[in-house]
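K.L.:
Letter by letter, the chains look like this.
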Amino acid sequence: MSSILLNSEVIIYLLSQSLILALLAISFIYTISIIRKWDFDSFDTKQFKLEDMSYLVSTIIVIALVLKIFLLFYFVHTIDALSEFVAGAMCGAGVIKANIYGNYVLVMGIVSVFLSLVWISINSLDIKAKNYPYMRLKSYLFIAIFLFILIEYILSWLYFTNINTTQVVSCCSVIYGKVGGGVPFGLDNFKLLTLFALFFILILLSLWLANYVVVFISALAFLIVSYYSVVYFFGTYIYELPTHKCPFCMLQHYYYYVGYLVWGLLFGGVFLLCDSMIMKIFFHTKSDKSQKIALLMIVSFVILSIGYVLVYYIKNGVLL
Amino acid sequence: MIEISQVYKTYNMGTESEFEALKGVSFTVRDKPVILKGVSGSGKSTLLSLIAGFEKPTKGKIIVDDLLVSKLPDLHLSNYRATRVGFVFQHFNLIESITVLDNIIVPLIPIYKDIEYIKTLAYRAMKRVGIEHKAHQDTKDLSGGEKQRCAIARALVNDASLIVCDEPTANLDKKNRDNFIDIIGDLHSEGKRVIIATHDPVFENLDFECEILNIKDGRIEE
Numbered sequence: 317m318s319s320i321l322l323n324s325e326v327i328i329y330l331l332s333q334s335l336i337l338a339l340l341a342i343s344f345i346y347t348i349s350i351i352r353k354w355d356f357d358s359f360d361t362k363q364f365k366l367e368d369m370s371y372l373v374s375t376i377i378v379i380a381l382v383l384k385i386f387l388l389f390y391f392v393h394t395i396d397a398l399s400e401f402v403a404g405a406m407c408g409a410g411v412i413k414a415n416i417y418g419n420y421v422l423v424m425g426i427v428s429v430f431l432s433l434v435w436i437s438i439n440s441l442d443i444k445a446k447n448y449p450y451m452r453l454k455s456y457l458f459i460a461i462f463l464f465i466l467i468e469y470i471l472s473w474l475y476f477t478n479i480n481t482t483q484v485v486s487c488c489s490v491i492y493g494k495v496g497g498g499v500p501f502g503l504d505n506f507k508l509l510t511l512f513a514l515f516f517i518l519i520l521l522s523l524w525l526a527n528y529v530v531v532f533i534s535a536l537a538f539l540i541v542s543y544y545s546v547v548y549f550f551g552t553y554i555y556e557l558p559t560h561k562c563p564f565c566m567l568q569h570y571y572y573y574v575g576y577l578v579w580g581l582l583f584g585g586v587f588l589l590c591d592s593m594i595m596k597i598f599f600h601t602k603s604d605k606s607q608k609i610a611l612l613m614i615v616s617f618v619i620l621s622i623g624y625v626l627v628y629y630i631k632n633g634v635l636l
Numbered sequence: 492m493i494e495i496s497q498v499y500k501t502y503n504m505g506t507e508s509e510f511e512a513l514k515g516v517s518f519t520v521r522d523k524p525v526i527l528k529g530v531s532g533s534g535k536s537t538l539l540s541l542i543a544g545f546e547k548p549t550k551g552k553i554i555v556d557d558l559l560v561s562k563l564p565d566l567h568l569s570n571y572r573a574t575r576v577g578f579v580f581q582h583f584n585l586i587e588s589i590t591v592l593d594n595i596i597v598p599l600i601p602i603y604k605d606i607e608y609i610k611t612l613a614y615r616a617m618k619r620v621g622i623e624h625k626a627h628q629d630t631k632d633l634s635g636g637e638k639q640r641c642a643i644a645r646a647l648v649n650d651a652s653l654i655v656c657d658e659p660t661a662n663l664d665k666k667n668r669d670n671f672i673d674i675i676g677d678l679h680s681e682g683k684r685v686i687i688a689t690h691d692p693v694f695e696n697l698d699f700e701c702e703i704l705n706i707k708d709g710r711i712e713e
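Chains as they are written, first to last, in our numbering: chain A, 317 to 636; chain B, 492 to 713.
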């Protein structure tokens, strides 16, 4: 057994993950019976029981998925905390690459947050209606999400049980520095920042023109470009060091845990915006509430990122 | 129109104490007040609680106007109870430790935000049943008839289109019974639908036309 499994953060993470999976597994069993027997036009006892049960099951799923969203932050915290025990790791970057499963767990965790948001939004529409119009749709979507989370759960066990604390891993300067290849797609910082600005303006413009498909696509493109912009440009101003390029170090107390805010605003804002666009495109919802919150988060992310550059320039009179 | 079709209600289903309170009740109410008559345990109160949306049937269809009440999800059922139903309970179900005004305000709190508007509606309802002079008195100090008027005011305060009364005259003297019947007559003439569950003979000779349904062992008797 890997000694990593004795780490308190890992124990808490895996136990929480197991608890959430147990809640989702119970819901999964009931969801299967809802899909098989649901007939809203029926007035018999079985259908009344299903309607009562569906409300309870939906509530359990919402609670489990919201917990799962928070658990992603805890996973990031856990891998950062493990950097003390894994040889060669200075932050989560090294720990996540300690074996082949790490990146898959992280990416699947991020995707499951997005899927959870979409499910919660569809469920919200369903319970606001008088005739459960999206019961089947949300049930099928939940089954897909459950299977996805189940795979993520198995991978997270494989990941933590296969971390070898004596094997030296690469640190972030190797992974994201010149040795690791630098900015991808043959871009340099100028081109990266141009794309960052362009996609941000495109989001604002397409929102103003109410072209929701373009908003969705540009938001996803903005997410990718922003990730690299933070790692290769804005992050260097957080660290105040031109050679320090890492998405994980900013999660540490040396940088006042600002990474949680940076990544939370970026991923939260983009996912909420995409979710809101899906609701508008496919379900013709009128409410702009989540869209406004998403926009506020994205704008806050942009201001925060640029703010670090400006503060550095004001303090030092030069750019990195 | 209120349509009740093949409604069953079973309590403690699948247990040793399983009890079938309603066994396939069907009837349609148009505009006349309905008097549900029957002995204790016949299923009157159960039927009222299903119509008022306090509970859901085990099976069957309940339609109140355009609403399929028996199928409403909880969120909508709460809204239905808050905006469309006024309920007068046998034991009034008032909060004894607060004033008459506060008791009447309670159902409006989830609906409106403006407290002055809420108070205006509450005073209107109190005036209607002649209890406005007791507005600031603690409910525990009221007489039986006053408590009942307070309960009626609370049932009327949301301008409900359906007034449901469960044994409303069981704890009243003759004078207060007559007052209650006058109020019911007024509500009917205003176009509100009234359903009363009772075994009080005073409802057998009313001045206005009403539909009397006898309920026995969970079934409507022809």
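Incorrect hints may appear among the rest.
Computed list of chain B residues with no C-beta within reach of chain A, every gap over 12 Å [to be verified]:
#1 501
#2 564
#3 565
#4 567
#5 571
#6 711
Okay, derived cross-link-like pairs now, EDC-like style, lysine to aspartate or glutamate, Cα gap no bigger than 16 Å in a straight line [as the list claims (entries may be wrong)]:
#7 683/B / 556/B
#8 365/A / 565/B
#9 666/B / 400/A
#10 365/A / 494/B
#11 552/B / 442/A
#12 365/A / 355/A
#13 446/A / 522/B
#14 446/A / 557/B
#15 596/A / 442/A
#16 514/B / 664/B
#17 547/B / 368/A
#18 683/B / 522/B
#19 528/B / 673/B
#20 523/B / 708/B
#21 665/B / 695/B
#22 604/B / 712/B
#23 444/A / 367/A
#24 625/B / 664/B
#25 552/B / 504/A
#26 514/B / 669/B
#27 523/B / 565/B
#28 353/A / 368/A
#29 610/B / 587/B
#30 514/B / 360/A
#31 618/B / 673/B
#32 444/A / 607/B
#33 683/B / 673/B
#34 631/B / 360/A
#35 547/B / 442/A
#36 631/B / 691/B
#37 446/A / 325/A
#38 446/A / 565/B
#39 552/B / 593/B
#40 547/B / 360/A
Hints are computed from structural coordinates only; laboratory data are not their basis.
If you're wondering where the values come from, they're calculated on a predicted model, not measured in any experiment.
Quick reminder that beta carbons are idealized off the backbone N, C-alpha and C, glycines included.
K.L.:
Going straight from one Cα to the other, do residue 552/B and residue 504/A come out at no more than 16 Å?
P.N.:
violated (68 Å)
K.L.:
Are the Cα positions of residue 625/B and residue 664/B separated by 16 Å at most?
P.N.:
Distance of about 20 Å is beyond 16 Å: violated.
K.L.:
With 12 Å as the threshold, tell me whether residue 564/B passes as away from chain A on beta-carbon distances.
P.N.:
Per Cβ check, residue 564/B is inside 12 Å of chain A; nearest 6 Å; violated.
K.L.:
Hey, residue 665/B versus residue 695/B, does the alpha-carbon distance stay inside 16 Å?
P.N.:
holds (15 Å)
K.L.:
For a C-alpha distance cap of 16 Å, please report whether residue 618/B and residue 673/B respect it.
P.N.:
Cα-Cα ~15 Å, so holds.
K.L.:
Is the Cα-Cα distance between residue 596/A and residue 442/A 16 Å or less?
P.N.:
holds (15 Å)
K.L.:
Taking 16 Å as the top limit, are the C-alpha atoms of residue 523/B and residue 565/B close enough?
P.N.:
Violated, because 29 Å separates the two Cα atoms, which is more than 16 Å.
K.L.:
Measure nothing beyond the straight line between the CA atoms of residue 683/B and residue 673/B; if it is 16 Å or shorter, mark the hint as holding.
P.N.:
holds (14 Å)
K.L.:
Over 12 Å from every CB of chain A: does residue 571/B meet that, or does the non-interface label fail?
P.N.:
Residue 571/B is in fact no farther than 12 Å from some Cβ atom of chain A, at 10 Å.
K.L.:
Is the claim that residue 711/B lies outside the interface with chain A correct, judged by CB distances over 12 Å?
P.N.:
The assertion about residue 711/B holds, with a minimum of 18 Å to chain A.
K.L.:
Is it true that the CA of residue 683/B sits at most 16 Å from the CA of residue 556/B?
P.N.:
At roughly 12 Å apart (the allowed maximum being 16 Å), residue 556/B and residue 683/B satisfy the hint.
K.L.:
Within a Cα-Cα threshold of 16 Å, do residue 631/B and residue 360/A meet the stated pairing?
P.N.:
Measuring from Cα to Cα gives roughly 44 Å; hence the hint is violated.
In summary, the numbered hints that this structure violates are 1, 2, 3, 4, 5, 9, 10, 11, 13, 16, 19, 20, 22, 24, 25, 26, 27, 29, 32, 34, 35, 36, 37 and 39.
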